[in-house]
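Undergrad: Below, each chain spelled out in residue letters.
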Amino acid sequence: AQSVTQLGSHVSVSEGALVLLRCNYSSSVPPYLFWYVQYPNQGLQLLLKYTSAATLVKGINGFEAEFKKSETSFHLTKPSAHMSDAAEYFCAVSRTDSWGKLQFGAGTQVVVTP
Amino acid sequence: DTGVSQNPRHKITKRGQNVTFRCDPISEHNRLYWYRQTLGQGPEFLTYFQNEAQLEKSRLLSDRFSAERPKGSFSTLEIQRTEQGDSAMYLCASSPPGGGGITEAFFGQGTRLTVV
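Top to bottom, those sequences are chains A and B. Okay, so the first sequence: first residue is 1 according to my numbering, each after it adds one. Okay, so the second sequence: first residue is 1 according to my numbering, each after it adds one.
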């Protein structure tokens, strides 16, 4: 069985400040981990994914995430928030022995204030 | 742009009516997934096709739900006798062959269903 927990359903950050979104997972087998972003009334867009290569993963739009096996975490960060980062962010896990079925967290809504 | 296409984008229906949604995946993507997303929640897996074969169905997919993917191309999701609890965003995604769980899924913009 696998599951994903995102801490904090809403995060408010000032423009230019650090963005930190937390994700913890549980998986009975080594997982693949993903961060997706969703803008209002849109589908999901992949930000980055962990595939058991480097533990620090860089994605699009200046985001990066670090896989920490000991903490079962895959937190998403961006050094400096931009107004365009306002969206909902989802952490997801899939099994390495699966065909791509994703288990999503409940999501974190990011608000960026001027 | 040859991304995943979903139609219609919005559907309002009366309780008890049947509705059908269509998903056109990216060409050459043999894997196709349906997810359902309710307000304030992450997407939940509904079903998965590899080519034309439906290989897995979630327990969320009651007998009122049916999905098809004839000829391994587009897919349809039908909901019979809709209930207010069916109101949600229905997301379709596709991914290319190979790679197992590592393969990125590309999502469509979704169909928002409102049952009144």
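Read the hints as simulated data drawn from the structure, not as lab findings. On a predicted model such as this, the values are computed, not experimentally measured, just so you know. Quick reminder that beta carbons are idealized off the backbone N, C-alpha and C, glycines included. It cannot be assumed that every hint is accurate.
[Claimed, not checked] For the chain B half of the interface with chain A, some residues (derived, Cβ under 10 Å), not all of them:
| hint | residue |
| --- | --- |
| 1 | Pro8 |
| 2 | Glu52 |
| 3 | Ser95 |
| 4 | Arg112 |
[Claimed, not checked] A few chain B residues facing chain A, derived, Cβ under 10 Å:
| hint | residue |
| --- | --- |
| 5 | Glu44 |
| 6 | Arg59 |
| 7 | Leu60 |
| 8 | Ala88 |
| 9 | Met89 |
| 10 | Ala105 |
[Claimed, not checked] What follows is a set of in silico ranges between Cβ atoms, one per label pair, in the way DEER data are often shown:
| hint | chain 1 | residue 1 | chain 2 | residue 2 | range |
| --- | --- | --- | --- | --- | --- |
| 11 | B | Asn7 | A | Ser84 | 38 to 44 Å |
| 12 | A | Gln2 | B | Ser27 | 40 to 46 Å |
| 13 | A | Lys69 | B | Thr114 | 38 to 44 Å |
| 14 | B | Ser62 | A | Pro114 | 32 to 38 Å |
| 15 | B | Arg64 | A | Gln42 | 24 to 30 Å |
| 16 | B | Arg81 | A | Glu71 | 44 to 50 Å |
| 17 | A | Glu71 | B | Glu68 | 41 to 47 Å |
| 18 | B | Gln84 | A | Thr72 | 35 to 41 Å |
| 19 | A | Leu18 | B | Leu39 | 25 to 31 Å |
| 20 | B | Gln41 | A | Asn61 | 34 to 40 Å |
| 21 | B | Leu39 | A | Pro114 | 36 to 42 Å |
Undergrad: Compare the structure with each hint and give your call.
TA: Structure-based check of each hint:
Violation of the interface hint for proline 8 of chain B is found here, the shortest Cβ-Cβ separation to chain A being roughly 13 Å, above the 10 Å cut-off. Residue-level restraint check for glutamate 52 of chain B is violated (minimum Cβ-Cβ distance to chain A is 15 Å; threshold 10 Å). Restraint check, serine 95 of chain B versus chain A: the minimum CB separation of about 5 Å is within 10 Å; hint holds. Restraint check, arginine 112 of chain B versus chain A: the minimum CB separation of about 7 Å is within 10 Å; hint holds.
Below 10 Å, beta-carbon pairs count as interface contacts, and glutamate 44 of chain B has one with chain A at about 7 Å; its hint therefore holds. For the restraint placing arginine 59 of chain B at the interface with chain A, the shortest Cβ-Cβ distance is roughly 14 Å, beyond the 10 Å limit, so the hint is violated. A least Cβ separation of about 13 Å between leucine 60 of chain B and chain A goes past the 10 Å threshold, and the interface hint is therefore violated. The beta carbon of alanine 88 of chain B comes no nearer than 13 Å to any beta carbon in chain A, farther than 10 Å, and the hint placing it at the interface is violated.
A hinted interface residue such as methionine 89 of chain B counts as satisfied when its beta carbon comes closer than 10 Å to some beta carbon of chain A; here the least separation is about 8 Å, so the hint holds. Interface hint status for alanine 105 of chain B: upheld, as the beta-carbon distance to the closest one in chain A is roughly 6 Å, under 10 Å. A C-beta distance of roughly 28 Å is found between asparagine 7 of chain B and serine 84 of chain A, which places it outside the suggested range of 38 to 44 Å. Here the CB-CB span from glutamine 2 of chain A to serine 27 of chain B is close to 31 Å, at odds with the stated 40 to 46 Å.
Roughly 43 Å separates the CB atoms of lysine 69 of chain A and threonine 114 of chain B, a value that falls within the hinted 38 to 44 Å. In this structure the supplied range 32 to 38 Å is violated for serine 62 of chain B paired with proline 114 of chain A, their Cβ-Cβ distance being about 46 Å. The beta-carbon spacing between arginine 64 of chain B and glutamine 42 of chain A, approximately 27 Å, falls within the hinted interval of 24 to 30 Å. Between arginine 81 of chain B and glutamate 71 of chain A the CB atoms are about 46 Å apart, so this pair conforms to the stated range of 44 to 50 Å.
Checked against the hint of 41 to 47 Å, the pair glutamate 71 of chain A and glutamate 68 of chain B passes, with Cβ atoms roughly 43 Å apart. The given range of 35 to 41 Å is respected by glutamine 84 of chain B and threonine 72 of chain A, whose C-beta atoms sit roughly 37 Å from each other. A hinted range of 25 to 31 Å holds for the C-beta pair leucine 18 of chain A and leucine 39 of chain B, which are about 28 Å apart. At roughly 24 Å, the beta carbons of glutamine 41 of chain B and asparagine 61 of chain A sit outside the given window of 34 to 40 Å.
In this structure, leucine 39 of chain B and proline 114 of chain A break the distance hint of 36 to 42 Å, their C-beta atoms being roughly 27 Å apart.
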